[in-house]
Structures are given as structure tokens and as C-alpha cells.
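Asks: The lines below spell out each chain.
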Amino acid sequence: MSADSDKPSYVLRYFDAIGYGESIRLLLTAANVEWTEERPEWPREKPNQPFGRLPVLIEKSTDGSPEFLICESGSVERYLARTYGFLPTDLKKAALQEQIRDQLIDAIVAFTGFVRDIHDEDKNAKLKTFEEMLDKIIAIQTKNLKSNGNTGRLFGDSLSYADIATYVFFKNVAIGFVKFKADIADYLKPKLTPEIIKLISTVETDPKLAKNVLKSGNLVAAISA
Amino acid sequence: MSAQSFSYILRYFDLIGRGETCRLLLAAGEVDWVEEHPEWPQDKEKQPFGRLPVLIEKSADGSELVLSESSTIERYLGRIFGLLPADPRASAIQEQMCDRQADIIAACLVYAQVTAEEDKKMYLANIDDLFTRMAKSHMEILSANNCKSHLFGDKLSFADISLYAFYKMMGMYMGCYLKDAVKITKEKVTPEIVHLLASIEAEPLLASHLSKCESLAARLSQ
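Top to bottom, those sequences are chains A and B. Sequential numbering from 1 applies to the first sequence in full-length UniProt numbering. Sequential numbering from 1 applies to the second sequence in full-length UniProt numbering.
These are calculated hints, taken from the structure and not from any lab test. We treat Cβ as the ideally placed atom computed from N, Cα and C, and that holds for glycine. Treat the hints loosely; a few may be bogus.
Said to hold, decoys possible - For the chain B half of the interface with chain A, some residues (derived, Cβ under 8 Å), not all of them:
(1) F49
(2) L67
(3) T72
(4) E95
(5) A112
(6) A116
(7) R133
(8) S137
(9) Y177
(10) K188
(11) P191
(12) E192
(13) I193
(14) S221
(15) Q222
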């Protein structure tokens with residue numbers, strides 16, 4: 001499927017990592033728009049970013065109007081999800097998906113703190129928080145998936161923002177975090193419920209994502225090994 | 001759908017923390033709302049995500065919407081009250097500012113919790129860097145706006161409310177954990193930002209809530 005040339009094109013600036021960029025990559029892929037990625041040299045390019053951080057998304061219109069820059073991963077994701085129909089227009093339904101993403105990010109932030117903190121007491125407190133949040137996330141998502149008929153989708157019957165955010169969360173834990181904590185994938189695997197495994201497989205095999213989803217690794221394989 | 005047909009409960013601690021923006025939005029929304037202060041940690045497992053804040057929206061027909069996560073609650077209230085623009089680009093510009101503020105507040109809450117001096121120093125350096133950049137962005141946004149009493153346009157917006165709660169956190173709450181919090185905040189604010197804070201404080205819709213507290217603009221002008 002070639003991209004629709006009336007739609008804007010995009011440039012994503014991020015690191016070579018899953019982190020806070022992967023959901024954006026998958027949303028751009030699912031939206032079927034033209035997009036490229038830049039990998040700024042870091043920290044050399046830090047001063048050249050609007051807020052000294054990545055990701056940054058640049059939207060280029062076809063009508064010659066100036067480029068539009070958005071920063072902050074959550075804002076970028078919500079902008080793309082709203083624009084391309086991966087978040088419902090109903091505000092209540094959209095909020096129910098947004099809160100899922102926010103909860104997942106809280107857990108990522110806890111793990112990032114575990115990596116960054118220097119002293120064991122602080123590190124261990126963060127790791128414990130991450131583990132508690134992970135258990136909570138798995139329990140809540142499993143319940144949501146069951147309520148939606150265990151179809152591998154959190155809401156409705158097509159790929160949603162919440163599905164993408166959840167898939168990326170588990171990809172961060174099972175693949176992205178391994179270089180910071182070698183046993184983290186083995187810690188995660190026994191906790192995964194059949195419902196969550198089905199969500200992971202449903203997202204990873206969605207035709208809308210086929211072009212790019214495996215570039216950052218094969219999550220189904222990583223959790224099955 | 002009229003917001004008047006709903007009533008709201010905000011569950012949070014009796015703190016500024018991650019709840020103040022929600023309180024100010026509910027005040028600005030002119031809706032029926034109350035606050036609950038759950039016993040903690042006794043009531044932790046009663047919350048959907050085991051955390052606060054939680055927003056409960058009750059409609060006239062008895063149905064309820066329960067939302068968690070402060071940022072989601074804030075954006076939801078902002079959208080239903082028309083304080084966050086419907087246009088996706090205009091909304092994204094306000095949202096990204098508020099996301100950055102939320103990151104700084106989160107870093108402050110972590111700073112308060114870490115025990116080792118080296119970790120405290122690391123978080124403080126990060127907070128200082130982010131806060132300096134944030135204040136610079138606030139000035140850039142304000143300078144680009146014709147009206148100097150608001151960040152965008154000439155009416156109270158989501159961004160105004162979020163900015164106010166942010167400076168309240170840094171200037172009045174962080175002092176519990178960081179001796180120099182007020183001094184650091186005063187170093188970063190400009191007279192223009194103080195004027196903006198004073199204007200927001202004077203908004204009739206927010207007066208019911210803010211009249212119970214010390215004036216932030218006055219504190220930062222001393």
C-alpha cells in the first residue's frame with residue numbers, strides 16, 4: 001500500500017531505541033503516511049531541539065504551509081492517534097485509552113529511575129515500585145481484554161491507541177530493558193496471561209503494522225523462548 | 001452535552017502535588033464537585049490503579065465514569081469544559097507544555113522520596129535544568145501572545161491553569177522538601193510571569209478555590 005500523497009509527511013527524531021519512540025513509529029505506520037526517521041547525534045544535537053529532548057515530530061503539509069513541530073511523546077502520540085482515528089472522538093472513550101497509556105509510562109519511569117539511581121536503597125525502591133506496577137498493569141489489562149471478548153483487542157474490534165501502547169510497553173520490558181537488567185524478560189514471562197499474549201500477537205500480526213513492527217525485534221518470539 | 005448534568009468527585013491527598021490542576025479545572029468548569037481524601041494506604045486497593053488522583057463523573061441517569069492518572073483527568077476536564085482547544089494542533093501545543101510541567105512535578109515528587117545524597121543531587125540538577133528551560137518556554141509563549149494576562153488568546157485556558165498549578169507546586173509546596181525552593185523559583189520567574197500568575201489568580205471562576213490560599217503572585221514578588 002503506498003502512502004496517500006494528500007496527507008502530510010512526517011519526520012520523527014529519536015534514538016535507536018524502543019523507549020518513547022516506538023509507539024510513534026507504529027502510529028505513523030498504521031496511519032499509512034509518508035515518514036522518515038532522523039537519529040540526532042546526542043548530546044551534540046540537544047541544543048537544536050525545541051526543549052532539549054527527544055522525541056520530536058515534524059509535520060510537513062502538502063500545501064506549503066510552515067512545518068509543525070510537536071514534542072513530548074504523549075502529546076505526539078495523542079496528536080497522531082486523534083488525527084488518524086486510533087483514538088475515539090468520544091471524549092470519555094478516549095480518556096479510558098489515554099489513562100492506560102499514562103499508567104504504562106509510570107511503570108517505564110519507575111524502571112528508568114531504577115537504572116539511573118546511584119544508591120542501592122533508592123534503586124531497590126524503584127525496582128519494587130516497577131514490579132508492583134507491572135503486576136497491576138497485567139491484572140487490569142487482562143480484565144479489560146476479557147471484558148472485550150478476549151479478542152486480543154482492548155477496545156472495539158480494530159487496532160487502537162491503547163493496543164499499540166500496551167504492545168510497546170511489553171516490548172520495552174521484554175526486549176528494550178534487557179541491556180539494563182539481564183533477567184527482566186525471564187521475570188516477565190511467567191506473569192503474562194493468555195489474554196495479554198493474545199494481544200501481543202494480535203498487534204504484532206496486524207497488517208497495518210506489517211511494514212515496520214518487527215524492525216525493533218520480534219516480541220512474540222521473545223516472550224515464547 | 002451540558003457539563004451541568006454531571007457532578008464530580010475528585011479523590012486525592014490534601015496536598016497540591018498532582019491534584020491542584022484538577023481542582024482548578026473543576027472550579028473553572030463551574031460544576032458541582034466535591035473532594036474526597038481517602039485513608040492511605042488503607043484505601044489504596046479500592047482505587048482502579050491503586051493510585052491517586054481518581055476522578056468520578058456521575059451523570060443524572062446514575063452512570064459513572066471513573067478515570068485515573070492526573071494527566072488524563074486534566075485533559076478530559078479541559079476538553080469537556082472547552083478550556084483545551086478542539087483543534088488538534090492548538091491542543092498539542094498546550095498539551096506539550098503541560099506534559100513538560102508534569103515531568104518536573106514528577107521529578108520533584110521523586111526527589112522528595114529518594115534517600116541517598118548523591119541521588120538527591122542528581123534529581124535536583126535535573127529539576128533545575130528542566131525548570132530553567134520551562135520558564136524560558138513560558139516567556140516565549142507569553143511574548144508571542146498579544147494579551148499578557150493569558151498564555152494563549154485572551155481567555156482562561158487549560159494552559160493558564162496548568163501553569164498556575166505548576167508554579168504553585170514549585171513556589172509553595174516544594175519548600176517542604178527543598179529548603180531553597182522559593183528562592184530557586186523566584187530566580188526563574190520574570191515580572192511578566194508574575195503578572196500572568198496574578199491575572200490567573202484574579203479570574204472570578206478560580207476565586208472560590210484560590211481565595212482560601214496565600215497569593216502565589218504575592219509570594220513570588222516578595
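Asks: Hint by hint, say whether it matches the structure.
Replies: Here's how the hints hold up against the structure:
1. Given the 8 Å rule on beta carbons, the hint for B/F49 holds: about 6 Å separates it from the nearest Cβ of chain A.
2. Hint status for B/L67 relative to chain A: holds, with the closest Cβ pair at about 6 Å, below 8 Å.
3. For B/T72, the interface hint holds, the least distance from its beta-carbon to any beta-carbon of chain A being 4 Å, beneath 8 Å.
4. Hint on B/E95 holds. Least Cβ distance to chain A is approximately 4 Å, under the 8 Å limit.
5. The interface hint given for B/A112 is violated, since its Cβ lies 12 Å from the closest Cβ of chain A, which is over the 8 Å cut-off.
6. With a cut of 8 Å, the hint placing B/A116 at the interface with chain A holds, because the nearest CB-to-CB distance is about 3 Å.
7. Hint status for B/R133: holds, given a least beta-carbon distance of 6 Å to chain A, under 8 Å.
8. Hint status for B/S137 relative to chain A: holds, with the closest Cβ pair at about 7 Å, below 8 Å.
9. Against a cut-off of 8 Å between C-beta atoms, the interface hint on B/Y177 is violated, since the closest Cβ of chain A lies about 15 Å away.
10. Below 8 Å, beta-carbon pairs count as interface contacts, and B/K188 has none with chain A, the closest being about 15 Å; its hint is therefore violated.
11. The closest approach between the C-beta of B/P191 and any C-beta of chain A is roughly 24 Å, which is over the 8 Å cut-off, so the hint fails.
12. For B/E192, the shortest C-beta to C-beta distance to chain A is roughly 20 Å, which exceeds 8 Å, and the interface hint is violated.
13. Residue-level restraint check for B/I193 is violated (minimum Cβ-Cβ distance to chain A is 17 Å; threshold 8 Å).
14. Because the smallest distance between the Cβ of B/S221 and any Cβ of chain A comes to about 27 Å, over 8 Å, the interface hint for this residue is violated.
15. Taken as an interface hint, B/Q222 does not check out: its beta carbon lies about 30 Å from the nearest beta carbon of chain A, beyond 8 Å.
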